[in-house]
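> Next come the chains, spelled out residue by residue.
Protein chains: 2
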Amino acid sequence: MAATRDQYLEEHNGRFVEALQEWLAIPSISTLSEHQEDVYMAAEWVRNRLVYMGFPEVRTIPTNGHPLVYGEWLVDPHQPTLLFYGHYDVQPVDPVDEWQSPPFEPVIRDGNIYCRGASDDKAQILLVLAALESWIRVDGRLPVNIKILLEGEEEAGGAGVDRFVSKNAELLEADAVLICDTHMVDISQPSIINGLRGILYTEIIVSGAKTDLHSGSYGGVAPNPLHALCVLLSRLKGEDGVIHIPELHEALPEVSAAEKEFWREDPLRIEDALCREMGVEQLVGENDFPPLERLGVRPTLEVHGIRGGFTGQGAKTVIPAEAVAKVSLRLPANLVPDEVFGWLKKAVKQHIPAGYAVRLVNLHGGRGVAVNPDNSYIQAATAALSAIYGREPVFMREGGSIPIAALFDAVLGAPVVLMGFGLPDDGAHAPNEKFSLEQFHLGMRTVAEFLGKIAR
Amino acid sequence: MAATRDQYLEEHNGRFVEALQEWLAIPSISTLSEHQEDVYMAAEWVRNRLVYMGFPEVRTIPTNGHPLVYGEWLVDPHQPTLLFYGHYDVQPVDPVDEWQSPPFEPVIRDGNIYCRGASDDKAQILLVLAALESWIRVDGRLPVNIKILLEGEEEAGGAGVDRFVSKNAELLEADAVLICDTHMVDISQPSIINGLRGILYTEIIVSGAKTDLHSGSYGGVAPNPLHALCVLLSRLKGEDGVIHIPELHEALPEVSAAEKEFWREDPLRIEDALCREMGVEQLVGENDFPPLERLGVRPTLEVHGIRGGFTGQGAKTVIPAEAVAKVSLRLPANLVPDEVFGWLKKAVKQHIPAGYAVRLVNLHGGRGVAVNPDNSYIQAATAALSAIYGREPVFMREGGSIPIAALFDAVLGAPVVLMGFGLPDDGAHAPNEKFSLEQFHLGMRTVAEFLGKIAR
Chain A
1 MAATRDQYLE
11 EHNGRFVEAL
21 QEWLAIPSIS
31 TLSEHQEDVY
41 MAAEWVRNRL
51 VYMGFPEVRT
61 IPTNGHPLVY
71 GEWLVDPHQP
81 TLLFYGHYDV
91 QPVDPVDEWQ
101 SPPFEPVIRD
111 GNIYCRGASD
121 DKAQILLVLA
131 ALESWIRVDG
141 RLPVNIKILL
151 EGEEEAGGAG
161 VDRFVSKNAE
171 LLEADAVLIC
181 DTHMVDISQP
191 SIINGLRGIL
201 YTEIIVSGAK
211 TDLHSGSYGG
221 VAPNPLHALC
231 VLLSRLKGED
241 GVIHIPELHE
251 ALPEVSAAEK
261 EFWREDPLRI
271 EDALCREMGV
281 EQLVGENDFP
291 PLERLGVRPT
301 LEVHGIRGGF
311 TGQGAKTVIP
321 AEAVAKVSLR
331 LPANLVPDEV
341 FGWLKKAVKQ
351 HIPAGYAVRL
361 VNLHGGRGVA
371 VNPDNSYIQA
381 ATAALSAIYG
391 REPVFMREGG
401 SIPIAALFDA
411 VLGAPVVLMG
421 FGLPDDGAHA
431 PNEKFSLEQF
441 HLGMRTVAEF
451 LGKIAR
Chain B
1 MAATRDQYLE
11 EHNGRFVEAL
21 QEWLAIPSIS
31 TLSEHQEDVY
41 MAAEWVRNRL
51 VYMGFPEVRT
61 IPTNGHPLVY
71 GEWLVDPHQP
81 TLLFYGHYDV
91 QPVDPVDEWQ
101 SPPFEPVIRD
111 GNIYCRGASD
121 DKAQILLVLA
131 ALESWIRVDG
141 RLPVNIKILL
151 EGEEEAGGAG
161 VDRFVSKNAE
171 LLEADAVLIC
181 DTHMVDISQP
191 SIINGLRGIL
201 YTEIIVSGAK
211 TDLHSGSYGG
221 VAPNPLHALC
231 VLLSRLKGED
241 GVIHIPELHE
251 ALPEVSAAEK
261 EFWREDPLRI
271 EDALCREMGV
281 EQLVGENDFP
291 PLERLGVRPT
301 LEVHGIRGGF
311 TGQGAKTVIP
321 AEAVAKVSLR
331 LPANLVPDEV
341 FGWLKKAVKQ
351 HIPAGYAVRL
361 VNLHGGRGVA
371 VNPDNSYIQA
381 ATAALSAIYG
391 REPVFMREGG
401 SIPIAALFDA
411 VLGAPVVLMG
421 FGLPDDGAHA
431 PNEKFSLEQF
441 HLGMRTVAEF
451 LGKIAR
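Chains A and B are the protein sequences, given in the same order.
With the first letter of the first sequence counted as 1, position 401 gets the number 401 in full-length UniProt numbering; the numbers rise by one all the way through.
With the first letter of the second sequence counted as 1, position 357 gets the number 357 in full-length UniProt numbering; the numbers rise by one all the way through.
Calculated from the structure, these hints are not laboratory results.
The structure presented is a predicted model; accordingly, all values stated were derived computationally and were not measured.
Treat the hints loosely; a few may be bogus.
Claimed, not checked - Residues of chain A clear of chain B, computed beta-carbon distances all greater than 10 Å:
1) 6
2) 37
3) 41
4) 346
What the hints assert, rightly or not - With beta-carbon atoms standing in for the labels, derived distance ranges:
5) B/342 <-> A/98: 27 to 37 Å
6) B/390 <-> A/244: 50 to 60 Å
7) B/395 <-> A/244: 44 to 54 Å
Just so you know, even glycine gets a beta-carbon here, dropped at the ideal spot from N, CA and C.
Please model the complete structure; the sequences and the hints are all you need to start from.
As C-alpha cells, this is what we get:
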C-alpha cells in the first residue's frame with residue numbers, strides 16, 4: 001500500500017497510461033455521423049471508469065446529440081463542492097496522410113503519447129480522475145464533494161450540454177468549477193487562464209448561376225462564386241488583419257493597464273515561442289497590437305475551408321454554381337456571438353460583389369470568459385502549481401474558446417478554475433496531436449494537491 | 001437496302017443511339033487514375049467500331065498516358081484527305097449528388113440522352129462515324145480519303161496527342177481537319193467556329209506555418225494560407241473582371257471592326273440566351289466590353305477550386321498549413337500559354353501578402369486558334385449546314401479551348417473546320433450533361449453532306 005498520494009500516483013502511473021491508451025483508441029469524432037457509435041463507446045468507457053473508482057452515482061444522460069456522463073460523490077456537507085468538466089469527444093483527423101502514425105493508434109515516442117484527442121481532452125480528464133483515485137485509495141475518501149460532467153459535443157458546438165446546464169442549475173450547484181482543457185506556457189512555467197475568447201462559427205454560402213458551368217463557354221460573363229468569396233473574404237479582413245465589421249470594434253472591452261503592459265513587454269518571450277512552434281519568421285496579423293493582445297482579446301476572423309468546384313487530381317475547368325466558406329470569429333468575453341452574427345451578416349451583404357446571392361448559417365457560438373483571480377479557488381490552484389512545479393504560475397489569456405466556461409460562470413455563479421496541462425506544441429486539432437507523459441504525471445499530482453488545498 | 005444516305009441514317013438511327021449508349025456507359029475519366037482501365041476500354045470500344053465499319057488500317061497507339069486510336073482509309077489519291085479529330089475521354093462527375101440519374105447510366109429524357117461525355121465528345125464522334133458509315137454502306141466507298149485520330153487525354157491536357165502530332169506530320173498529312181467538339185448558337189441557328197481561346201491551367205500553392213494550427217490558440221498571429229489565397233485572387237482579378245497582369249493586356253490582339261460591330265450589336269441576342277442558360281439576371285465581368293467579346297477574345301482568369309483546411313460536415317477550427325487554388329486563364333489565339341505562365345508567376349509573387357511562401361505549377365496549356373473563313377472546306381461546311389438546317393450558319397468565336405486545333409494549324413498547315421452540334425445548355429463539364437438526339441441525327445446528315453461537297 002502506498003503511504004502518500006504521490007507514491008500511489010508514481011506506483012500506478014503505468015496503469016493510468018494504459019487506461020489512457022485504451023480510451024484514446026476509441027475514435028470519438030463528434031462532428032462526423034459515421035462515428036456516432038464510437039462517441040457512445042467513449043462515453044461508456046469513462047462511465048465505467050467512474051463506477052470502477054467507486055462513485056456512488058454515475059449516469060449517462062441522453063441529449064439530442066451525444067450523451068453526457070455525470071458522476072457525483074458527496075462526502076461531507078461541510079466541505080465545498082467542486083464541479084469538474086471535460087469532454088470525451090475529439091476533432092476530425094484530416095489531413096490524415098500527415099499523421100506519422102495512425103490517428104487512433106496511440107503510440108509513445110520520446111516521452112509523448114501521440115493520438116487524436118490526447119491533449120484535447122482525454123489525457124486532461126484522466127489525470128483528474130487519477131488524482132481523485134489517489135485520494136480514494138490512499139486516504140479512503142475524497143477531501144471535498146465532487147461532481148463530474150463530461151460531454152461528447154465540445155468539438156461540435158456543445159448544444160446538448162448547454163441545454164442541460166441551463167436547466168439543471170440545482171443538480172450542478174458547486175462552489176467552484178475545474179476545467180483542464182488548456183495549455184501551460186512551457187513545461188517549466190505553469191499558468192492559469194484568466195480569460196478565454198468566445199467563438200462564432202458560420203458558413204457563408206455564395207450562389208451564382210443555376211448550375212455548374214464550363215469556363216471555356218461561359219468564362220468572361222459568368223458569375224464565379226469562388227472568386228466572389230475571395231473578394232468578400234479579403235474585404236471582411238484585410239492583409240493587415242483588420243476586420244471590417246464596424247460594430248465589432250465599437251463593442252470591444254477595456255483592458256487593464258497592467259495586462260496591457262504584460263502584453264507589450266512579453267517577459268516570457270512568447271512571441272519567439274509562437275514563431276518557433278509555427279515554424280515562421282514573422283507573425284501575421286494586426287501590427288498595431290502586441291501578439292499577446294491579438295491572441296488574448298482581439299477579435300479574429302479565420303476561414304477554415306472553402307468548398308465548391310473541383311479540387312481533385314488534374315484539371316477540371318468548372319465554374320461552380322455555389323461555393324461555401326467555413327468562417328469563424330474569436331471574440332472577447334463581453335461579446336454575444338448571436339449579436340456578432342447579425343453584424344457579420346450585414347457586412348457580408350455589404351461587401352459581396354454584385355451579381356451573387358449570399359446567405360449565412362450560424363453553425364454555433366459560445367461566449368468567452370474573464371476570470372477574477374481574487375478568490376480562494378484560484379489561490380489554491382496557484383499554490384498547488386507552485387508546490388508541484390517549484391515555480392509560481394503566471395496568469396494568461398487563452399485564445400481558444402471553451403463556451404461552457406462562460407455558461408458555468410453565468411448559470412452557477414461559481415468561479416471557474418482553468419488549469420490546463422497541455423503544452424503549446426501539442427497540436428490539438430492538427431495532425432500528430434500528442435500529450436507529454438511527464439505533464440500527465442505532474443498534472444495528476446497538481447490536481448491531487450489542489451483538492452487538498454480547497455478542503456476546509 | 002437504303003437508296004440514299006439520308007434513308008440509311010434514318011433507318012439505322014436507333015442502332016446508332018444504342019451504340020452511343022454502350023460507349024457512354026464506359027466511365028472514361030482521364031484525370032482520375034482509378035479510371036485508367038475504363039479509359040482504355042473506351043479506346044478499345046471505338047477501335048472496334050472502326051474495324052467493324054471496314055477501315056483497312058486501325059491502330060491503338062500507346063502514349064505516356066492514355067492511348068490514341070488511329071484509323072485510315074485512303075480511297076483515291078486524286079481525292080482530298082480529311083483528318084477527323086475527337087476525344088473519347090470525359091470530365092470528372094462531381095458534384096455527383098446533383099445528377100438526376102447516375103452519370104454513367106445513359107438515359108433518354110425529353111429527346112435528350114443524359115450521360116457524362118454525351119456532348120463532350122462521344123456523341124459528336126459517333127455522328128461523324130455514322131456519316132462515314134452511310135457513305136460506305138450506301139455508296140460502297142468513302143468519297144474522300146479519311147484519317148481519324150481520337151485521343152483519351154483531352155480533358156487532362158492532351159500531352160500524348162501533342163507529342164504524337166508534332167512528330168507525325170507526314171502520317172497525319174491532310175488537306176483539312178474536321179473537329180466536332182463545339183456547340184451551335186441554337187438548334188435553329190447552325191454556326192461554325194472561327195476562333196477558339198487558348199488555355200493555361202495552373203495550381204497556386206500558398207504555405208504558412210509548418211503544420212495545421214488551432215484557430216483558438218494561434219488565431220490573430222498565425223498565417224492563414226486560405227485567407228492569403230483569397231487576398232491574392234481578389235488582387236489578380238477584381239470584382240470588375242479586370243485581370244491585373246499588365247503584360248497580358250499589352251499582348252492582346254487586334255480584332256476587325258466588322259467583328260467588333262457584330263459583338264456590339266449582338267443580332268442573335270446571345271446576351272439574353274446566356275442569362276437564361278445560367279439562370280441569372282445580369283452578366284458578371286468586364287463591363288467595358290460587350291459580352292460576346294468577353295467570351296470570344298478577352299482573357300479570363302477563373303478559380304476552379306480551393307483545397308485546404310476543413311470543408312466537411314460541422315465545425316473544425318483549423319488554420320491549414322497550406323492551401324491550393326486551381327486557376328486557369330483563357331487566352332486569345334496569339335498568346336503563348338508558357339509565356340503567360342511567367343507573367344502570372346510574376347503577378348502572384350507581387351500580390352501575395354507578406355508572411356507566406358507561394359509556388360505555381362503549370363498543369364497544362366494550349367494555344368487558341370483563329371480560323372480564316374476564306375477557304376473551300378469552310379465553304380463546304382457552310383453549304384452542308386445550310387442544306388440540312390435550311391439556314392445559313394453564322395461565324396462565332398468559341399470561348400472554350402481545343403489546343404489541338406492550334407497544333408493542327410501549326411504542324412499540318414491545314415484549315416481546321418470547327419463544326420459542332422452541341423447546344424448551349426448541354427452542360428458539358430457540369431452535372432446532367434446531355435446531347436440532343438435530334439442534333440445527333442441532323443449532325444450525321446450534315447457531315448455526310450459535307451463529305452460529298454469536299455470530294456472533287
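> Would the least Cβ to Cβ distance between residue 346 of chain A and chain B come out above 10 Å?
Holds: least Cβ distance 19 Å, greater than 10 Å.
> Residue 41 of chain A: least C-beta distance to chain B exceeds 10 Å?
holds, 19 Å
> Determine whether the Cβ-Cβ distance between residue 390 of chain B and residue 244 of chain A falls within the hinted range of 50 to 60 Å.
holds, 58 Å
> Any Cβ of chain B at or closer than 10 Å to residue 37 of chain A, or is the non-interface label fine?
holds, 16 Å
> Given the range 44 to 54 Å, decide if the beta-carbon distance of residue 395 of chain B to residue 244 of chain A lies inside it.
Given a distance of about 48 Å, which is inside 44 to 54 Å, the answer is holds.
> Would you say residue 6 of chain A is clear of chain B, with no C-beta pair closer than or equal to 10 Å?
At about 31 Å from chain B, residue 6 of chain A clears the 10 Å cut-off, so the statement holds.
> Do the beta carbons of residue 342 of chain B and residue 98 of chain A sit within 27 to 37 Å of each other?
Holds - the Cβ-Cβ distance for residue 342 of chain B and residue 98 of chain A, about 32 Å, lies within 27 to 37 Å.
Hint compliance for this structure: no hint is broken.
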